[in-house]
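Asks: Now for the letters of each chain:
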Amino acid sequence: MLKLENISKKLGDFTLSGISMEIREGEYYVLLGRSGSGKTQLLELIAGLNEADSGKIWLDDEDITFKKIQDRNIGLVFQDYAIFPNLIVFGNIAYSLHCRKTDKPTVKKEVTRIAKELNISHLLNRFTHNLSGGELQRVALARTLITSPRLLLLDEPLASIDASLKDDIKRTFRQLNRKGLTIIHVTHDYSEAVSLATRIGVIHNGRVIQEGLPDDVFGKPANRFVARYAGIRNFFRVRFSKEGLSWKAESDGKLAFNLTEGSYPEEGLIIIKNSAISIYNAELPRDTGNCFKGVVKDISPCEQGMELLVEAGELFYVDVPMNDFKKLQITDTSDVWISFPSEACIVLNGGSV
Amino acid sequence: MSRNSPFNWILLILSSLVLLFILAPLAGMFLHTGGSELLETVNDQEVRASIWLTIWVAFAATFFFAIGAIPLAWLLARKEFPMKNVVQGIIDLPVVLPHTAAGIAVLGFISRDGLLGKAANSVGLTLINNPGGIALAMAFVSIPFLINAARDGFTAVPERLEKAALSLGASRTRVFFTISLPLAWRSIMTGFVMMFARGMSEFGAVVIVAYHPMVAPVLIYERFSSFGLKYARPAAVLFIIVALAVFILLRLISVRKKETHILPDAEA
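Residue numbers (this note's numbering), protein chains in the order written: chain A, 141 to 493; chain B, 228 to 495.
Errors might be hidden in some of the hints.
What the hints assert, rightly or not - Distance ranges between label pairs, derived from CB positions: (1) A:L151 / B:F404: 23 to 31 angstroms; (2) B:E386 / A:H269: 52 to 60 angstroms; (3) A:S391 / B:E386: 48 to 56 angstroms; (4) A:K150 / B:F430: 49 to 57 angstroms; (5) A:R368 / B:S398: 44 to 52 angstroms; (6) A:L151 / B:L476: 42 to 50 angstroms; (7) B:G316 / A:D356: 58 to 66 angstroms; (8) B:L342 / A:D211: 42 to 50 angstroms; (9) B:I317 / A:T338: 52 to 60 angstroms.
Stated by the list, open to error - Some chain A residues close to chain B (C-beta under 10 angstroms, calculated; not the full set): (10) N213; (11) C239; (12) A280; (13) T287; (14) A299; (15) T338.
Unchecked claim - Listed below are the simulated DSBU-like cross-link pairs for lysine-lysine, each with C-alpha atoms no more than 35 angstroms apart in a straight line: (16) B:K306 / A:K150; (17) A:K310 / A:K249; (18) B:K311 / A:K143; (19) A:K256 / A:K360; (20) B:K306 / A:K208; (21) A:K196 / B:K306; (22) A:K207 / B:K457; (23) A:K413 / A:K388; (24) A:K413 / A:K394; (25) A:K382 / A:K306; (26) A:K360 / A:K244; (27) A:K196 / B:K345; (28) A:K249 / A:K196; (29) B:K345 / A:K150; (30) A:K256 / A:K196; (31) A:K394 / A:K437; (32) A:K467 / A:K413; (33) A:K388 / A:K241; (34) A:K310 / A:K388; (35) A:K207 / B:K306; (36) A:K150 / A:K306; (37) A:K256 / A:K143; (38) A:K244 / A:K150; (39) A:K306 / A:K394; (40) A:K208 / A:K248.
Quick caveat, the hints were computed from the structure, so don't treat them as lab data. These figures come from a predicted structure and were not determined experimentally. By construction, the Cβ of each residue, glycine as well, lies at the ideal position given by its N, Cα and C atoms.
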């Protein structure tokens, strides 16, 4: 449906370089990246607000690289909504219909219909300066959807929304996607990506560094940056060595990890998910793959319960469910044993960052 | 800082002196003008005609030049082009020129040998000693006020609003008239009022281009040089009253215009 071929664009000191990607019909594609990674610039190139220095953009097999913004039929909802403050809500939503010289009864009918769909009928005669973030978001969405866009681009759509309203807006996005609307959504928020995406692309320093299904991207992160996004905090630079039939990885802190069978480079970076590490207050038989004695250095609440920082030759971050944490009766100076299976050690591409 | 600190007292005294410096001569002029003198001046046909001429010519000059000045201001706010700083410098030039020198420059331009003078002559129009010439002299010295205020107004309009309008299918012209212009309206009107007020009060450039018909500043000068301060004062007071009234009226209209602009689209 949408295809980007080797798109490059220089914007001051920043460059989007060699971006190629394909969005399929009906997909909910989330482009994940930190602020300044180039994701908004990429959206603006797709929408036609800027022109690429090189490369091509195809929409439904038509080259739209230099097509006028007004003729692309791509809807863009801006991060700060870009609501026109000189028009009331009705005027904002009707703007595109006025551009097309639609007759007044149709304008009224269409605006009423879309406002009802998005639950903003009661706002139509309101000025926009005293609307909440969630209301502005819906007005911006209605203003774009009324154009029946072929593709909807959402730029950080949940960044300025109250947490309590986020689920509501997410549900709206999901419903739109389910009705067949193809969506590209850019965000810096991992949880947003996981809860909405059918496919994810991770953008970093102007390059798309990994693409795939959410499980693939976060289950096998291509590098430290993607792993960080998945909430993984255990990274170890290691040297790989083979002892008989089994592989080992020795960290800078001289800790040796047992690995599964396979082929490994000489050096690399391995990650271990916080949730893959188990913690005990007594030593276990050494048949669990990897088991180390350590001391708890810090305890802090996290989404799963408690996050423990354990010094065991290296620093390990371990997520412990609240029930388990209470049972273990751990304090921040407790001696503990941590263990994880060999399969939990994920090797990143050549150990690169 | 304490409310009665020496610093606050110094600020208050210096500020009061500056305000007094502006108000004292004006108050003196008003106090020295009796009601009967003022009434006599109001009934003076020559004075009335000259004030009316000043107002409508200054308004016409502002209105017609705004048609070109506002798009130029948008260009300066939105586009980057070679020699942009030079263009900005040229726009500010009339502000720093002595106004008599500006008058000489305009006179050269509109005299029979000048570019515009020749063109006007070919259609049977003489710009010297003509309201058209006066309007050109007024506009020459006052147009930077409009261009600069409108430019600042357009700069303050977030560019992404214009981009959003484009992405909704609006043409560049439509974006200009429905988004950029309404949002910069207050600044444009401020510039409009400033240009109008500056044009209305212009003496130096106008007197060189057209002694007759007499605009109010020229009439006041003429009365002063021919009959003295006593005869010039009532005309000056009357002109100030009328100018202030027009000035306040325009400011009120510009504020109300902004507020009511937002409504009509609701009925679409």
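Asks: Are there hints from earlier that the structure breaks, and if so, what are their numbers?
Replies: 2, 14, 15, 18, 19, 22, 25, 26, 27, 28, 29, 30, 33, 34, 38 and 39
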